[in-house]
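Visitor: In the numbering used here, the protein residues as written are 454 to 1322.
Simulated from the structure, these hints should not be mistaken for laboratory data. Note that this is a predicted model, so its numbers are computed, not measured. Keep in mind that a hint or two might mislead.
[Said to hold, decoys possible] The calculated label-pair distances, taken between Cβ atoms and stated as ranges, are:
#	residue 1	residue 2	range
1	833	875	15 to 25 Å
2	756	727	35 to 45 Å
3	1301	1058	41 to 51 Å
4	1011	903	18 to 28 Å
5	720	1222	57 to 67 Å
6	589	1222	49 to 59 Å
7	510	1103	56 to 66 Å
8	845	812	20 to 30 Å
9	891	718	29 to 39 Å
10	1134	507	34 to 44 Å
[Said to hold, decoys possible] Under the rule of at most 30 Å between Cα atoms (straight-line distance), these lysine-lysine pairs were calculated in the DSS-like manner:
#	residue 1	residue 2
11	1173	1217
12	1197	1217
13	939	1054
14	961	1054
15	961	939
16	1054	1005
17	939	1060
18	888	941
19	941	1060
20	1173	1197
Backbone N, C-alpha and C define an ideal beta-carbon position, used for all residues, glycine too.
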Amino acid sequence: MTRPSAPAVPDPRRWGSGPRGHWILAGLVFLLSALVAGTIVWQSEQARLRIVRTDLQRLAAAHAGTLQRNIEADMDAAYAVAALVRQQGGTPADFAAYAEALRRFYPDLVTLNLAPGGVVRHASPLRGNESVIGLDLFADPVRANEAVIARDSGRLTLAGPYDLISGGSGMVGRLPVFLDARQTHFWGLVNVVLRLPEALVPARLAQLAAEGIDYQLWRIDPQSRKTQVIAASTEQRLSDPVEHRLTPPIDTWVLSVTPAAGWANPLGLTLKTALGVIFSLLLSTLTKLLLDSRTHARRLAALIEERIDISERIRTDRELRIAATVFEAREGMLVTDARSVILRVNQAFCENTGYRPEDVVGKTPRMLQSGHHDADFYAAMWEHIQRSGAWQGEIWNRRKNGEIYPEWLTITAVKDRDGVVINYVGTHTDITQRKAAENEIRHLAYYDPLTQLPNRRLLMDRLHQNLANAARYAQRGALLFIDLDKFKTLNDTLGHEVGDQLLQQVAKRLSESVREGDTVARLGGDEFVVMLQHLGDSPTEAASLARIVAEKIRGRLDEPYQLGAHSHLSTASIGVILFGGRDETIEDLLRFADLAMYQAKAAGRNKLHVFDPAMQSALSMRASLENDLQQGIESGQLLLHYQAQFDDRDRLLGAEALVRWLHPEHGWVAPGDIIELAESTGQILLLAQCVLEIACRQLATWNGQAGKGDWSLSVNISPKELRHPGFVQAVESALRLTGADPSKLVLELPESLILGELAETRAKMMTLKALGVRFALDNFGNGYGSLVFVRRLPLDQLKIGPAFIDSLLAHPNEDVIAHAFMELIHGLGLELLAEGVETQEQRDFLVLHGCRTFQGYFFARPGSAQMLG
454 MTRPSAPAVP
464 DPRRWGSGPR
474 GHWILAGLVF
484 LLSALVAGTI
494 VWQSEQARLR
504 IVRTDLQRLA
514 AAHAGTLQRN
524 IEADMDAAYA
534 VAALVRQQGG
544 TPADFAAYAE
554 ALRRFYPDLV
564 TLNLAPGGVV
574 RHASPLRGNE
584 SVIGLDLFAD
594 PVRANEAVIA
604 RDSGRLTLAG
614 PYDLISGGSG
624 MVGRLPVFLD
634 ARQTHFWGLV
644 NVVLRLPEAL
654 VPARLAQLAA
664 EGIDYQLWRI
674 DPQSRKTQVI
684 AASTEQRLSD
694 PVEHRLTPPI
704 DTWVLSVTPA
714 AGWANPLGLT
724 LKTALGVIFS
734 LLLSTLTKLL
744 LDSRTHARRL
754 AALIEERIDI
764 SERIRTDREL
774 RIAATVFEAR
784 EGMLVTDARS
794 VILRVNQAFC
804 ENTGYRPEDV
814 VGKTPRMLQS
824 GHHDADFYAA
834 MWEHIQRSGA
844 WQGEIWNRRK
854 NGEIYPEWLT
864 ITAVKDRDGV
874 VINYVGTHTD
884 ITQRKAAENE
894 IRHLAYYDPL
904 TQLPNRRLLM
914 DRLHQNLANA
924 ARYAQRGALL
934 FIDLDKFKTL
944 NDTLGHEVGD
954 QLLQQVAKRL
964 SESVREGDTV
974 ARLGGDEFVV
984 MLQHLGDSPT
994 EAASLARIVA
1004 EKIRGRLDEP
1014 YQLGAHSHLS
1024 TASIGVILFG
1034 GRDETIEDLL
1044 RFADLAMYQA
1054 KAAGRNKLHV
1064 FDPAMQSALS
1074 MRASLENDLQ
1084 QGIESGQLLL
1094 HYQAQFDDRD
1104 RLLGAEALVR
1114 WLHPEHGWVA
1124 PGDIIELAES
1134 TGQILLLAQC
1144 VLEIACRQLA
1154 TWNGQAGKGD
1164 WSLSVNISPK
1174 ELRHPGFVQA
1184 VESALRLTGA
1194 DPSKLVLELP
1204 ESLILGELAE
1214 TRAKMMTLKA
1224 LGVRFALDNF
1234 GNGYGSLVFV
1244 RRLPLDQLKI
1254 GPAFIDSLLA
1264 HPNEDVIAHA
1274 FMELIHGLGL
1284 ELLAEGVETQ
1294 EQRDFLVLHG
1304 CRTFQGYFFA
1314 RPGSAQMLG
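Model the full assembly from the supplied sequences, consistent with the hints where possible.
Guide: Right, here's the structure in full:
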């Protein structure tokens, strides 16, 4: 019998088909993948640098802003002294007493001195500053240049740092004083001296160095044009620093920051580069292996065909079937005969089980059994194989070292041409890692990854089971809703990493405070829920036990925390609700527990509050008010009451408008609740339009009545109203519709407004002032006020509240300060109105010190327009 011709074998010398070609292709793959990896590494490094620079820019701006505000606050003393000089016509006889009293309000000041014509004549304190008296600032070679700048600019400037004549180093704020409004009559300079480095302490620049950031605070000396370092963490020049320039009066100062370790990240860059090289090597190696495999397969096929003849076909047919099944697969495989005796195994099988071929050949697969499955399992498996010719499924087997592991087993029966089973082929795939991954996925689905506590999904499942058990066995349980107090402040000051440490320690303490069968879960953020079960069948007993556990938890959470290098104290607010004994839904329980928690916060934080059904009634009432507010505005349920304003001769000047809402079902609604409802429901502009139209209509009415045409009307404006894009148009519309005189309308802005963006606020105010509308700053002096910000806004009136008045009355020895403050306000061209005046003593004190306009219960209570007369 003739031998069949062998198929042509590819020429190994062809490019890409021989060993040399395989190496060339693998090298090209390596170069291409290395280029791609290098590009990704470079882009990643650039993105990291952008993030670092942005973070440093924010950090520099925060520290520079703190320094700016502190120095500006200290410089306010210069304006107060300048007001005294102008008030006394350039001969400040009371300077010593005034300055001594003023320095108690500005403890950072070292020295206050007056330099008429540029020559220092007065200093406070005088002791230790005797050598300064007589110093001619315009003739002194060190100070002349910056003194001239202050005089010629007509504004407050900050000079220094330089050595002080009285000793030490410091900086000087110089305010030129002019005795006329046109600034043509130059009187001299008011000098405010701050000592360095004490004046820089509030900026916490040392904290930058502690956080691994080098900094330099510097300026360009106006005389020498050289760089003058004010404060620095290092004497070396900063590499490519991020810079933040301060604003007037210290606009020549610049804060530069840079990472102390440099911008580069050698370890990260090396790691990324190494990963890129490893990836390129793996890809090129895989390419070569694939090419070699294809070549070897072709050669093997050719060799087999060359050696086959007709006489060998029957004998090798069975061998080829086995080879095709076993050795072309990567999984562990074994081949048995029809009696399940093992004939051969592949290398993957040996690696998976630890057995060598000689250990298993001639034996049955029963040697791999783990004991995890019973006889019925194997009987069902073989019954399925006999019926269908195959079986697959998950099975637990035992390795040679005794380790039990999961695998995916596929058994296939090999039959001859007559359909008789001659072999069984088993394919084994180790699924240990897959099972671990499934368990990990299941854990992630039901547990919080940070604290390892059950998450909301698992809590809901357990709560559902406990509600069913509580109803079935008449058992009570409790839900504790826990929220950490001021957690956001910790995150903002020490960072999210420290915040995560606190959450992990809180989770540990909560778990240690409850029984094994109870559930502690984290809902997200700083919110935790504790579910207590089996608290008995008595509501009183269950409530008592729940309160005991809640107090125990609150006590544990009050204990100090060690967060790395930081010792931290934290508290928690806890809301408690019992369940069992009535129809309840999971959503209602969580909502009521959350509501109780917020009641605990409203009571001052670090409190425990048990849910009261009355709270639900209050919640329903608020929801009803939210739904009814728009209808109340549109149907005229809102009205204004007016509190009269008088001058020092008890003449009625006008009034302040106060919004009121007479709800048809709930009666009078508190004014504060009206504003809060409007802001929370997005109807603040609709409310503003309603109030402005009523107020302007009243102004138009007064304008047509004898003796009332000069009355003004003040309307309170909330920050959200002012920031609304349609606010200016709402005011213009109210004035146009009613025909009211804009000059009689006064819009009162809250003092807290100065904490926001002043540029947009000022622009809106200037637009309305062009129409004639006036502006007042309400409750000045309650904690936010600063004359620096007052000067930046186009205000007409300053209103001081009861707290400010009481503080002046509480210190009767500081009359000069009260008088100077009011003179300073008048000197800035502002009207001064005292509100909340309730006694004759308050009125007389205010009149004595220069206040001429008042409102309060001493004069009149709020009422309708008819009550004003």
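Visitor: Could one say that the CB atoms of residue 1011 and residue 903 fall in the range 18 to 28 Å?
Guide: holds, 22 Å
Visitor: For the pair we were handed, residue 939 and residue 1054, check the Cα-Cα distance against 30 Å.
Guide: holds, 10 Å
Visitor: Take the C-alpha atoms of residue 941 and residue 1060, compute the straight-line distance between them, and say whether it is at most 30 Å.
Guide: holds, 18 Å
Visitor: With the threshold set at 30 Å, check whether the alpha-carbon distance from residue 888 to residue 941 stays at or below it.
Guide: violated, 39 Å
Visitor: For the pair we were handed, residue 939 and residue 1060, check the Cα-Cα distance against 30 Å.
Guide: Answer holds: residue 939 to residue 1060 is near 14 Å, not above 30 Å.
Visitor: Check the following: the C-beta atoms of residue 510 and residue 1103 are separated by a distance inside 56 to 66 Å.
Guide: Given a distance of about 57 Å, which is inside 56 to 66 Å, the answer is holds.
Visitor: Is residue 961 close enough to residue 1054, meaning Cα to Cα at most 30 Å?
Guide: Holds. Residue 961 to residue 1054 sits at ~23 Å (cutoff 30 Å).
Visitor: Next pair to validate is residue 961 with residue 939; report whether the Cα-Cα distance is within 30 Å.
Guide: holds, 20 Å
Visitor: Has the given pair, residue 1054 with residue 1005, been kept, meaning a C-alpha gap of at most 30 Å?
Guide: Cα-Cα ~18 Å, so holds.
Visitor: At the C-beta level, are residue 720 and residue 1222 separated by a distance inside 57 to 67 Å?
Guide: holds, 59 Å
Visitor: Check the following: the C-beta atoms of residue 1301 and residue 1058 are separated by a distance inside 41 to 51 Å.
Guide: holds, 43 Å
Visitor: Do the Cβ positions of residue 589 and residue 1222 conform to the proposed distance bound of 49 to 59 Å?
Guide: This hint is violated: roughly 44 Å between Cβ atoms.
Checked against the numbered hints above, the structure breaks hints 6, 18 and satisfies the rest.
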